[in-house]
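Assemble the dimeric complex from its two separately framed chains, guided by the hints.
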Amino acid sequence: MKWARENLFSSWPSALATFLICFLAWKLIPPFFHWAIGNAVWSAASAETCRAAEGQGACWAFIAEKHRFILFSTYPFEQQWRPALASLLLVLLWVLSAFRSMWRWWLSLVWLSGLGLIGALMWGGVAGLPYVENERWGGLILTLILASFGAALAFPLAILLALGRRSSLPALRALCIAYIELIRGVPLISVLFMASVLLPLFLPAGVSIDKLLRAQLALAAFAAAYLAEVVRGGLQAVPRHQSETAAALGMGYWRATWLVVLPQALRASIPPLVNTFIGFFKDTSLVLIIGLFDLLSTVKVSLQDAAWSGFGVEAYLFAAAVYFVFCYAMSAYSRSLETGPARGAGAKQALAEGDRLFASP
Amino acid sequence: MKKSWLWQAALIGAAGFAVWYFASNTAQNLEARRIASGFGFLSREAGFEIGETTFFSYSAADTYLRALAVGLANTFRIAALGIVLATLLGAAIGLARLAPNWLLARLAGAYVELLRNVPLLVQLFFWYALISENLPAPAEALNPLPGVFLSNRGLYFPLPGDFPELSGFNFTGGVGLTPEFAALLLGLVTYTAAFIAEIVRAGILSVPRGQVDAAYSMGLARRGAMRYIVLPQALRLVVPPLTSQYLNLTKNSSLAVAIGYPDLVSIANTTMNQTGQAIEGIVVIMAVYLTISLSISLVMNGYNRRVALRGVAR
Chain G
1 MKWARENLFS
11 SWPSALATFL
21 ICFLAWKLIP
31 PFFHWAIGNA
41 VWSAASAETC
51 RAAEGQGACW
61 AFIAEKHRFI
71 LFSTYPFEQQ
81 WRPALASLLL
91 VLLWVLSAFR
101 SMWRWWLSLV
111 WLSGLGLIGA
121 LMWGGVAGLP
131 YVENERWGGL
141 ILTLILASFG
151 AALAFPLAIL
161 LALGRRSSLP
171 ALRALCIAYI
181 ELIRGVPLIS
191 VLFMASVLLP
201 LFLPAGVSID
211 KLLRAQLALA
221 AFAAAYLAEV
231 VRGGLQAVPR
241 HQSETAAALG
251 MGYWRATWLV
261 VLPQALRASI
271 PPLVNTFIGF
281 FKDTSLVLII
291 GLFDLLSTVK
301 VSLQDAAWSG
311 FGVEAYLFAA
321 AVYFVFCYAM
331 SAYSRSLETG
341 PARGAGAKQA
351 LAEGDRLFAS
361 P
Chain W
1 MKKSWLWQAA
11 LIGAAGFAVW
21 YFASNTAQNL
31 EARRIASGFG
41 FLSREAGFEI
51 GETTFFSYSA
61 ADTYLRALAV
71 GLANTFRIAA
81 LGIVLATLLG
91 AAIGLARLAP
101 NWLLARLAGA
111 YVELLRNVPL
121 LVQLFFWYAL
131 ISENLPAPAE
141 ALNPLPGVFL
151 SNRGLYFPLP
161 GDFPELSGFN
171 FTGGVGLTPE
181 FAALLLGLVT
191 YTAAFIAEIV
201 RAGILSVPRG
211 QVDAAYSMGL
221 ARRGAMRYIV
231 LPQALRLVVP
241 PLTSQYLNLT
251 KNSSLAVAIG
261 YPDLVSIANT
271 TMNQTGQAIE
281 GIVVIMAVYL
291 TISLSISLVM
301 NGYNRRVALR
311 GVAR
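First to last, the sequence lines map onto chains G and W. Residue numbering for the first sequence follows this note's numbering, beginning at 1 and increasing consecutively. Residue numbering for the second sequence follows this note's numbering, beginning at 1 and increasing consecutively.
Accuracy of the hints is not assured; some may be wrong.
Some chain G residues flagged as far from chain W (calculated, every beta-carbon gap over 12 Å) [unchecked claim]:
#: 1; residue: S43
#: 2; residue: S101
#: 3; residue: M102
#: 4; residue: V126
#: 5; residue: R136
#: 6; residue: F149
#: 7; residue: A205
#: 8; residue: R255
Subject to a maximum C-alpha distance of 25 Å in a straight line, what follows is the list of computed DMTMM-like cross-link-like pairs (lysine to aspartate or glutamate) [said to hold, decoys possible]:
#: 9; chain 1: G; residue 1: K211; chain 2: W; residue 2: E140
#: 10; chain 1: G; residue 1: K27; chain 2: W; residue 2: E140
#: 11; chain 1: G; residue 1: K66; chain 2: G; residue 2: E133
#: 12; chain 1: G; residue 1: K66; chain 2: G; residue 2: E244
#: 13; chain 1: G; residue 1: K27; chain 2: W; residue 2: E113
Quick caveat, the hints were computed from the structure, so don't treat them as lab data. Idealized CB from N, CA, C, for every residue including glycine.
So here's chain W without its partners, still in its complex pose (with noise of 0.2 Å):
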């Protein structure tokens, strides 16, 4: 028992020095290189441009905060859309696996192989350079439906009266998606989508072939039985892999720096290198994603303690 304290202590020991020997080399550079710690640079104007903004208006005049502050809302947009885009996409590729068509069957099965075995940052520069690079430009936009125009300078879509037009070198109106954004979504939403097929399948494989063939007995069809049979019991088998495809969907959007989507990495980088505040920007990113992470996996948890208590209590 004793020996086992003395271990921790020095366990403690050697991590507290460890910490107090780069904390003071670090001060040491700081103040060879002349950099002030600490938050006060938030305040400072930031002096740079953001190419696209979510909730927050924002101008170079404003403050390295508030151009934080773009960063993250941005990311928040491409995570909470990217998330629910590759939960439909991947739970129908899953379902398609399991098809009886066995064209459709191996059709998925090939998706999640390609999707699953190809880097995430190879197939964002692909789908840039495919927007970028292979769509003309917007006076020849495509047109595959009317009221959608996809061309160099980003795709655009619709809303309910208010229908993209061209007006100069761009188009207005509607809801546009700019080449960087349309890429990165893309690029998240079917790489995620293959690994959250797979949980899918995977879930709804595991539900025992008896309770199927019951629900058929009780005189259910297919549709029936998925619905109210497999699915329910799937889903709680689902739900904690599921959790970490969403959190490994929103680290993943941080991406989005190598191809240009001004998201929380990227203005934290560009803020970095404008301020020489390298710690603190790390600081921001690593507790901005921690806290996501997080959140994630509380709300997820809740989530998951009610199918399953359902579950436990019918």
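This is chain G alone, in the form it adopts within the complex (with noise of 0.2 Å):
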């Protein structure tokens, strides 16, 4: 009681909110309970069940039914245990990434083997696996892989464009200014259309990449120049001192970067890291545009089937709850490394400095 008075009734206006709040709620929760539980067709032989609720529950039969298309796209579907644990391993990875004591520099090593057997798994032609074409590769995997395997070229070339923009000699740091700040100024789309239209012309003639990687190395350059401002910021967060008495030790500039620096500025930016990669993950829907096959576009494309058209608002809330799973991890986990316990006084004050600089998402 005391709790509620404090609360949710402490001043006039603050009661009228709670009332209001309360009617509303009273007015849409159960309606929308209704609609998506209660009155829901969960499966059906035909769309028209679904049909006859239409308008008093939801059509979940049109998930149930299209589930292997939307999960695996064109995959072949006695075959299609190859992409779902391909997910598995790739989420598995990423949760291994996310302990502090696996922060050590055979994780690069455990990422190329793992990238290196996810490939092997969905290509095949190695160890009796029927070889698949990677045009049939879609659905769920191919958002994760677009958003590993970008992340994974992202990040080094990220590093490196970073190091540039600070670095001592003027024309490089003009071409990383001019790389940050022209990426970070145009939208996503144009740069997709870039690699898909203009790639092929910027190459010789016969000379072709593959539409998949096309997409996959836009993505990268993409992200680069984004997560590059972030290790920026990380950078900036570490004293001058520290460079300065590697410098003293007799450590030449790459030694006192990869040695001194890059540990302590990186380990101030992975909160905004990990958000920045949240943003490049749910960027990775934007390759529907330019027709690949990744979770959005299967779910797009599910609802052309002429049988089970205009399920949209179900489809699309599917495909909502899958992205914020990973999502809502991610930020979760990202809030975790901000308030959790950081390694030494210095860290952590690092750790708010990096973040005073990013508070930006």
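Structure representation (structure tokens):
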């Protein structure tokens, strides 16, 4: 009672807000649950059952009917355990990397072998697995692959760009600034258009790069510019005397950067890096516009089946739920890093500094 | 010292070589495909219709240049309206997150988490499906308020002395939003508002507690303390990230191409498909967005300097 008085009815406006919210909840929440659960059609032999309930209940039977296509696209039906296993492996890699105790140099080896294994699983052609060309990859695994390989490609590039932007060499600095600002100034779609339409023109006649690879490179090039700015924030948080001391100890630029500056800078920028990565994960859905079959794309294509058209709200709620699970897990993780025990006061201060610089998502 | 100059010369040489290599390949490829480069196509007849226009009148007999101008005007319309509405909604939600009312704060928090963690494109498709599939036909349009009509052909709002009326298959009069525009606006505003809410919250929380206590002890009420003490200080921290959200909204409006609102990217895309002038089309898109990005940053930097200086001068 005391809690309610202090937190819900502390003043007249507050009490009014409480009543208003309760009234709206009473008006909206029960009908929503009736639609989403009570009156929903969970499985149906044909769309007619759903159409009979239209307006009254949700048609989750649509998802049940199309789930194999939504998750795996046109990957050969008997082989769909392979993308399923690959998706699990990728998620496992991300979960492993989330632990502080795993942040060692050999983590990159784990990633390399993990990504190699996933490639073998998806393409096949080894260990008795039939070969599947990557035009047939799609669904959830494509979204995960685009995000993971994109991050893996973008991250080293981002570090080089960030170092280049702080370099004392004017030509290098100018090139890096031009790249970062150009990419950050244009929408991702234009970069994807460039990769899908212009890249084939740029290459000599007869040389062609696969559509998936082109989109992957474009995503990585785009993400690198944003990640570079986060890494730069981390670099700025490392006190100048650190690199000066390293130089005084006789270390060259690369040794000092690799052993002294970067470890501190990266540790400071992990929460904003995770936040940038969440944005990047969401951005992979744009490959739909250039005709790749990621998760959102397979959902949209499922709706084009004339027999099942008209269930867009259910379909996109499902897509939203899948994306939400991944993104919310990452953002909860990022928050736990910010508030969790940091290593020593210096790291904590660096963390705070990095957050201050990159409070914007 | 000498070594660094060699380094840079090599770098510039490599960059120059890459540009030359791509350019010469492109020239060869274009020749093989018989595509004439250059912007001459802009004065040719476009030959396609555009669903809705802002400011410019347009018909299929007009030139590509005019079509692109219509697209740009449509981009400006959605961006300007979106920025204003997203700022209002975002500020309201940001303040609600800090409200003493537990329920209100929780509700605002849930809103932010939900909207930020779902891709904008999914949200746009969702709103578009909701409007075009689930709203009734114009004849049975929902009429929640007098003069407001919601149907699958668009949303209609009254103007003073000019009420929407059903005539034929759709409404006329008042302000009408097509389903595409309404879905895009709704998606952009609700999505960006979630980010703006977090910025507003962080800005307000950054003002030290002592400032608020001092304001109270000087006899200011909660509202007055907010208005005269907290907000002016918070604004300084809020402006830079707010600018990047405005830029994001403008860039995100290019997702219009996915739901069929004729913005600049959508029309440039149609132009590229019809004429094969891919390079020119992408150059137009990139040049326009770079110009918008740079101008918004300039304007906001100027504003930022003003708020910052006023604070210092006092």
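Evaluation of the provided hints:
With a least beta-carbon separation of about 22 Å from chain W, S43 of chain G lies farther than 12 Å from that chain, consistent with its non-interface assignment. With a least beta-carbon separation of about 27 Å from chain W, S101 of chain G lies farther than 12 Å from that chain, consistent with its non-interface assignment. Even its closest Cβ contact with chain W, about 24 Å, leaves M102 of chain G beyond 12 Å, as expected for a residue assigned away from the interface. V126 of chain G, annotated as away from the interface, keeps every beta carbon of chain W farther than 12 Å; the closest lies near 34 Å.
Distance check on R136 of chain G: its Cβ is at least 23 Å (rounded) from any Cβ of chain W, clearing the 12 Å threshold; non-interface status holds. Separation of F149 of chain G from chain W is adequate, the least Cβ-Cβ distance of about 18 Å exceeding the 12 Å criterion. Not every C-beta of chain W lies more than 12 Å from that of A205 of chain G, the closest at about 6 Å, which undercuts listing it as non-interface. Distance check on R255 of chain G: its Cβ is at least 16 Å (rounded) from any Cβ of chain W, clearing the 12 Å threshold; non-interface status holds.
For the proposed pair K211 of chain G and E140 of chain W, the alpha carbon gap of about 46 Å is over 25 Å, so the pair is violated. For the proposed pair K27 of chain G and E140 of chain W, the alpha carbon gap of about 22 Å is at most 25 Å, so the pair holds. Between the alpha carbons of K66 of chain G and E133 of chain G the distance comes to roughly 22 Å, so the proposed pair stays at or under 25 Å and holds. The hinted pair formed by K66 of chain G and E244 of chain G fails the criterion: a straight-line CA distance of about 60 Å is larger than 25 Å.
A hinted pair counts as satisfied when its Cα atoms are at most 25 Å apart, and K27 of chain G with E113 of chain W qualifies at roughly 23 Å.
Figure legend: structure checked against the earlier numbered hints; hints not met, in rising order: 7, 9 and 12.
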